[in-house]
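Residue numbers (my numbering), protein chains in the order written: chain A, 92 to 401; chain B, 92 to 401; chain C, 92 to 401; chain D, 92 to 401.
By construction, these hints were calculated from the structure, which means they are not laboratory data.
Certain hints may be false.
The list cannot tell twin chains apart, which means a pair is met if one copy fits it or any two copies do.
Stated by the list, open to error - Below, simulated SDA-like cross-link-like pairs (lysine to any residue); rule was C-alpha separation at most 20 Å, straight line:
(1) Lys223 x His261
(2) Lys201 x Asp122
(3) Lys364 x Glu311
(4) Lys364 x Gly144
(5) Lys364 x Gly400
(6) Lys201 x Tyr376
(7) Lys201 x Ala121
(8) Lys201 x Tyr123
(9) Lys201 x Thr259
(10) Lys364 x Ala401
(11) Lys201 x Gly378
(12) Lys154 x Ala119
(13) Lys223 x Gln235
(14) Lys201 x Tyr377
(15) Lys364 x Leu316
(16) Lys364 x Arg321
(17) Lys364 x Gly395
(18) Lys364 x His388
(19) Lys364 x Gln101
(20) Lys201 x Leu277
Residues per chain, in single letters:
Protein chains: 4
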Amino acid sequence: MSETFPEGLQDFLHALNEDMRTAADWGAPADYIPELAAVDPAQFAISVAMADGRTISAGQHDKPFSIQSVSKVFTLAAALGRIGDTLWGRVGREPSGTAFNSIALLEQEKGRPRNPFINAGAIVTTDALLDKRAPREALAELLQFIRYAAEDEEIYIDRHVAASEEATGHRNAALAHYLYSFGNMLNEPDMTLGTYMHQCAIAMTTEQLARSGRMLAGLEGAPRLISADRARRINALMMTCGHYDGSGDFAFRVGLPGKSGVGGGILMIAPGKASIAVWSPGLNYYGNSKVGTEAAHRLANFTGWSVFGA
Amino acid sequence: MSETFPEGLQDFLHALNEDMRTAADWGAPADYIPELAAVDPAQFAISVAMADGRTISAGQHDKPFSIQSVSKVFTLAAALGRIGDTLWGRVGREPSGTAFNSIALLEQEKGRPRNPFINAGAIVTTDALLDKRAPREALAELLQFIRYAAEDEEIYIDRHVAASEEATGHRNAALAHYLYSFGNMLNEPDMTLGTYMHQCAIAMTTEQLARSGRMLAGLEGAPRLISADRARRINALMMTCGHYDGSGDFAFRVGLPGKSGVGGGILMIAPGKASIAVWSPGLNYYGNSKVGTEAAHRLANFTGWSVFGA
Amino acid sequence: MSETFPEGLQDFLHALNEDMRTAADWGAPADYIPELAAVDPAQFAISVAMADGRTISAGQHDKPFSIQSVSKVFTLAAALGRIGDTLWGRVGREPSGTAFNSIALLEQEKGRPRNPFINAGAIVTTDALLDKRAPREALAELLQFIRYAAEDEEIYIDRHVAASEEATGHRNAALAHYLYSFGNMLNEPDMTLGTYMHQCAIAMTTEQLARSGRMLAGLEGAPRLISADRARRINALMMTCGHYDGSGDFAFRVGLPGKSGVGGGILMIAPGKASIAVWSPGLNYYGNSKVGTEAAHRLANFTGWSVFGA
Amino acid sequence: MSETFPEGLQDFLHALNEDMRTAADWGAPADYIPELAAVDPAQFAISVAMADGRTISAGQHDKPFSIQSVSKVFTLAAALGRIGDTLWGRVGREPSGTAFNSIALLEQEKGRPRNPFINAGAIVTTDALLDKRAPREALAELLQFIRYAAEDEEIYIDRHVAASEEATGHRNAALAHYLYSFGNMLNEPDMTLGTYMHQCAIAMTTEQLARSGRMLAGLEGAPRLISADRARRINALMMTCGHYDGSGDFAFRVGLPGKSGVGGGILMIAPGKASIAVWSPGLNYYGNSKVGTEAAHRLANFTGWSVFGA
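Next comes chain A alone, as it looks inside the complex (with noise of 0.2 Å):
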């Protein structure tokens, strides 16, 4: 790393942002979320919040975006939370091998699914934190819990994002109903399944983003609202799940604790050293940002955080 670290980090996202934005092949926003789909592939953005408070950014950092699937990673601790342990009865902790939208492993293993970064796992992680209430009252919770942890209160759901997912959303409407056919849901398909597209929903910004994520890295000041062994544990799932079917790949070429999502954001986790937020919305073969990987990648070699070198 930089002798002059973290000066030297401020100046490293400013040029990467640079080269970011030459990049010859953006990836193509998800198609079949029209909302998604008609995003401008061409932006980029990355916030790192460090461990002495500060956050500093490059890019497009203060336009919001669709979280996605990085809810999931919020949904995950709240629902912890709320039900603490026993969670774990009702989904896995395993890499699943095969496409985020997969049912065919679901089949096999009847009905629980291998992790919660997973569309059916984390189905059944947002009905454990439903948990018969309004759905309207869930995602106040949850929505709550990220404005905390980002110490943010702008953070909100798009409601045209929810509205465009539940257009398309059969495919989660396929998991929900046979997960619940397993008896892997307490709340009735429909309630879980609204919750779960509105969460997906939630915009924020690469810096909030990064600043919710203070608590997963252990950094000084974040808002306590999980503990460290807790924290720990997310990571580990985040590392070996946290990328569909590419969470092998991202560990290997960056070695870090991260989550995607379609709306091409990524979190990434560098144990008691930072939280850091990329998005780009073009997404590669697997899902998951392309030019936001690519960046990923430079941000860990140049400060060697992976967690996987001496």
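Starting from the structure of chain A, add chains B, C and D where the hints point.
Using the frame of chain A, we list chains B, C and D on its own:
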């Protein structure tokens, strides 16, 4: 961690050994390799090679055991040394979501194994290391690599175990012929299989194994056999794929890159801090050491070495 | 066959009924549809509609039962009548090699069910028959089709059974939403599902069912609802796919095209010779009538009607 | 059928031959067996062994071709003759829903192949026939069985084809070793594989093949090699499993029990009426003869021999 660490660590290891010896359920040794099935499960050893150059141990740390799949780490390192990153054209880097000896996924992926730590991937890696040489030659190179890493010339291949496997290795033979049919084998299946079975039959003590992992932990004084970059990436693979379909759970509970073998050994890496080997021959549901996994869990808690914690 | 056939056949049916009534193990009724689970399994009926125009029976042949998946034969015939062979663009004609309600294969085949007799394929067929109409209209057409085929106006839909299924049909809802997500549904899932569940709830006696199959057997005097060509092809599908993952065994043991339902009914076709209906509500491992299958086996042996014999 | 049948049938076969010779697309010969890949695809022959004892033909009916998987019918008949119905403990009777050489299903079914006509099942059947004897002995018995069935001593094993397969048979070797690992092989894999490859290399003309099928059709004058009961059951298996993952479509379009081979041959049985062999070396998507399937379809239409028609 105890303030008196690493002095406190020695005490902890002794206490851990005492505790583990009272295990109510040791698990059962692998039953499909006759030489291993005959091993007394009620055995335990742990060794920690530390940053200060010392290696401390408890239990039967000078008793050689069959490292079995732990050898896949060394074969991978040696094969990468021989042919470089072209290896990744032949084998992936993703968790498999299936048992260690599954062949179904291989059909779906058209003969490219998901990662180098499931049997199919390890056979491909061995095939790459063999590289049209005589098995004897490749095995000599591999053994030399490990001896050099451990700085111990006494590490050897247990011919009885190798012979024991040859009689029962039809599942591996199926994988090898299958890989061959997809053009993902350079050598005749029998050549690669013979090499593979002998490498699995390497015998080491926990002390030797812990010392051989120092290169991956990037400890000062460790023999320079691989670059820091490559070590980091091998560690990443150990984290996401090192315990077969129990990898996610190991990451969740222990938080260290690790590779297990059906001989009951586990090698774990705490980057910059230590290389750890634990051994107990009885296995759990996933084919990983039952008591060894528990010991790893406790050691991680005591030391705070999880890579996911602040 | 007895020389005095068909006179001998009536005697055989009576003897068969006597024999079946002493069954040591009737199997268990389908447990996932409350109205069916409550049915007494110790019931049996058989009817044979013959080439000479007569229908002979034994057992409880005038007791209506829920035909469930046997309805898929009629829906297929009616849908082919409505939209013709374009249906085959949406559903295949191959045995599935999996359970009747599997969703895994559907993922692999990208939303095109393997055949019209597994649930996914029947839902698509129903969707084709519904064809943007009100469910009531499509159901009226289907019921009229069956009544005409059986020349019996008393055939009806059992609303209690339909309601019973709606409460438990989440597995089918999962299939419907999944098909929709692949673009293989023309109507809203709820519309198609409602139609599907009502058609499964059609109640018939074995006598009515046997008579409704005369069109498939090509018996003289049968109402002309489908061409000989189409009848032949539906029979072929019944042979290869009519008993889910027990189709091969039914062909092997009985040798007649047949379609079973979880209500315990089986419709069998002996081309040019007879249409046969058997009913007994207890099911075997594959979800086909246990005693009914045994009776079919004995009838085939007695009559020599297997299509595979000289 | 033409009123002047069977006289009209001879004319029809000649016309069919003329028509087929103008095929726009013959398909491509199997490419993975070098000796077969070199065969000119633009060839055609058809032979019909009739109830009156005569065999009539058109095209290249006296040219031997490699029967390949058609041999599985004879091996099954011979193995059942040797060990009886205990064979069904080792192999199932259900369509597989997968490709002929799939290994994935075998893992799921724990080493019991779905039916005797996919490669895994045929290897088990061959293993049963081999029954600890020398391959030479079992092959002699099988060849004698076929020669006797066809009443033709000139049927032979093409050693060039057998050798050609041995060089490329790694997929089959994988299946054999895999079966062995599950305890479903009595002989050393190499012994069974050698036998299997030689039986696939049997060469026959369509005339010989049609005549050898008379026992299955139950034609008068056919050599009495198997009981009527067994013939009926083998026919059932040919119907549901004889064309791999194209079996349902063949039943739908042709309506006769049939077994195809990648050499381009198809044996079809019209119970009580005829045994038919057709040959054309180019294959369709499922690995069945392209022009041969079309010819079978037309023959079935002309004769009305479909077992599913009135």
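Consistency of the hints with the structure:
1. Lys223 x His261: between (22 Å within a copy, 19 Å between copies)
2. Lys201 x Asp122: between (30 Å within a copy, 17 Å between copies)
3. Lys364 x Glu311: Answer is within; shortest intra-copy Cα gap is 10 Å, inter-copy 23 Å.
4. Lys364 x Gly144: For lysine 364 and glycine 144, the Cα distance is within 20 Å only inside one copy (11 Å; across copies 27 Å).
5. Lys364 x Gly400: This pair counts as both: shortest intra-copy Cα distance 14 Å, inter-copy 10 Å.
6. Lys201 x Tyr376: Only across copies: lysine 201 and tyrosine 376 sit 18 Å apart there, 28 Å inside one copy, limit 20 Å.
7. Lys201 x Ala121: between (29 Å within a copy, 19 Å between copies)
8. Lys201 x Tyr123: Between copies only: 16 Å across, 28 Å inside.
9. Lys201 x Thr259: Between copies, since 17 Å is at most 20 Å while 26 Å is not.
10. Lys364 x Ala401: both (15 Å within a copy, 8 Å between copies)
11. Lys201 x Gly378: between (26 Å within a copy, 18 Å between copies)
12. Lys154 x Ala119: within (19 Å within a copy, 56 Å between copies)
13. Lys223 x Gln235: For lysine 223 and glutamine 235, only the intra-copy Cα distance (19 Å) is at most 20 Å; the inter-copy one is 44 Å.
14. Lys201 x Tyr377: Classified as between; 18 Å across copies, 25 Å inside a copy.
15. Lys364 x Leu316: Answer is within; shortest intra-copy Cα gap is 18 Å, inter-copy 29 Å.
16. Lys364 x Arg321: For lysine 364 and arginine 321, only the intra-copy Cα distance (17 Å) is at most 20 Å; the inter-copy one is 23 Å.
17. Lys364 x Gly395: Close inside one copy (11 Å) and across copies (16 Å); limit 20 Å.
18. Lys364 x His388: This pair counts as within: shortest intra-copy Cα distance 17 Å, inter-copy 24 Å.
19. Lys364 x Gln101: The answer is within: 15 Å in one copy meets 20 Å, while 29 Å across copies does not.
20. Lys201 x Leu277: within (16 Å within a copy, 29 Å between copies)
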